[in-house]
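Colleague: In case you want the letters, here they are:
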Amino acid sequence: MPSINIKEQEYSYSEDEIIDFTEGLVGMPEMRRAVLVPLPDFEPFCWLASMEVENMRFIVVNPAEIFADYKPSEFAILNESETITLVIVKVSSDWRKTTVNLRAPIFINKESNRGVQLVLTDSPYRLSESLPQN
Amino acid sequence: MLVLSRRKGEKIVIGNAIVIEILTVSGDGVRIGITAPGETSIHRHEVFTEIQEANRNAETVLGELEKTSLEQLAAFLRVNQK
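Read top to bottom, the protein sequences are chains A and B.
Residues in the first sequence are numbered from 1 upward in steps of one, following our numbering.
Residues in the second sequence are numbered from 1001 upward in steps of one, following our numbering.
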């Protein structure tokens, strides 16, 4: 099984788990192929790591784990049962200051393993949403 | 940069499938219509750079402080779910 080095740790993955971001992420066309690596010690967080660019490592999370009401629903084209929704987490050294990007979620089609980052225009969701404080 | 002059109602074609039409012009504002294949992403430039910046800033530096922070965050979420 191949493995990928993320922040000095090796994680194995299988070839059929590679996610194809044809367009990259917004403003990051280099992020073409990536793997999603769950972090058991930090559940529910995962790494989204570029196969090609060593510093393109993002902590991501299923937004439903934090924001039960989050509905990036303007994209009716998405079939929810076939889609993994993720948001990028900006980890702060003070965990209370950690924010997530609800404005530009990432969608991955489970069947085709194709991924895309979409921008929710005219939405109330913010680029840097704080955690619910309770 | 290629610079073209267009009047209201005139169009520009980019590649084989993208058509840009000048819809209305008023003062220093312009309304533009864009026809493009469904998979083409189109952004206002300021929105694009804002998201790009957010993506760049989110590239994770996972030092000891951030690791501890993420641990606390994960614990916080687990408690909240129960």
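Derived by calculation from the structure, the hints in this document are not laboratory data.
Honestly, I wouldn't trust all of these hints.
Claimed, not checked - Computed beta-carbon distance windows for the label pairs:
# : chain 1 : residue 1 : chain 2 : residue 2 : range
1 : B       : Glu1071   : A       : Glu10     : 19 to 25 angstroms
2 : B       : Ile1012   : A       : Glu10     : 48 to 54 angstroms
3 : A       : Glu82     : B       : Arg1031   : 44 to 50 angstroms
4 : A       : Glu54     : B       : Leu1065   : 38 to 44 angstroms
As the list claims (entries may be wrong) - Listed below are the simulated DSS-like cross-link pairs for lysine-lysine, each with C-alpha atoms no more than 30 angstroms apart in a straight line:
#  : chain 1 : residue 1 : chain 2 : residue 2
5  : B       : Lys1011   : A       : Lys90
6  : A       : Lys7      : A       : Lys97
7  : A       : Lys97     : B       : Lys1067
8  : A       : Lys110    : B       : Lys1067
9  : A       : Lys7      : B       : Lys1067
10 : B       : Lys1067   : A       : Lys71
These figures come from a predicted structure and were not determined experimentally.
No residue lacks a Cβ here, since even glycine has one placed at the ideal position from N, Cα and C.
Colleague: Each hint: holds or not?
Modeller: Hint check results:
| no. | hint | result |
| --- | --- | --- |
| 1 | B:Glu1071 - A:Glu10: 19 to 25 angstroms | holds (20 angstroms) |
| 2 | B:Ile1012 - A:Glu10: 48 to 54 angstroms | holds (50 angstroms) |
| 3 | A:Glu82 - B:Arg1031: 44 to 50 angstroms | violated (36 angstroms) |
| 4 | A:Glu54 - B:Leu1065: 38 to 44 angstroms | violated (21 angstroms) |
| 5 | B:Lys1011 - A:Lys90 | violated (42 angstroms) |
| 6 | A:Lys7 - A:Lys97 | holds (22 angstroms) |
| 7 | A:Lys97 - B:Lys1067 | holds (14 angstroms) |
| 8 | A:Lys110 - B:Lys1067 | holds (29 angstroms) |
| 9 | A:Lys7 - B:Lys1067 | holds (11 angstroms) |
| 10 | B:Lys1067 - A:Lys71 | holds (29 angstroms) |
Comparing the model with each numbered hint stated earlier shows that hints 3, 4 and 5 do not hold.
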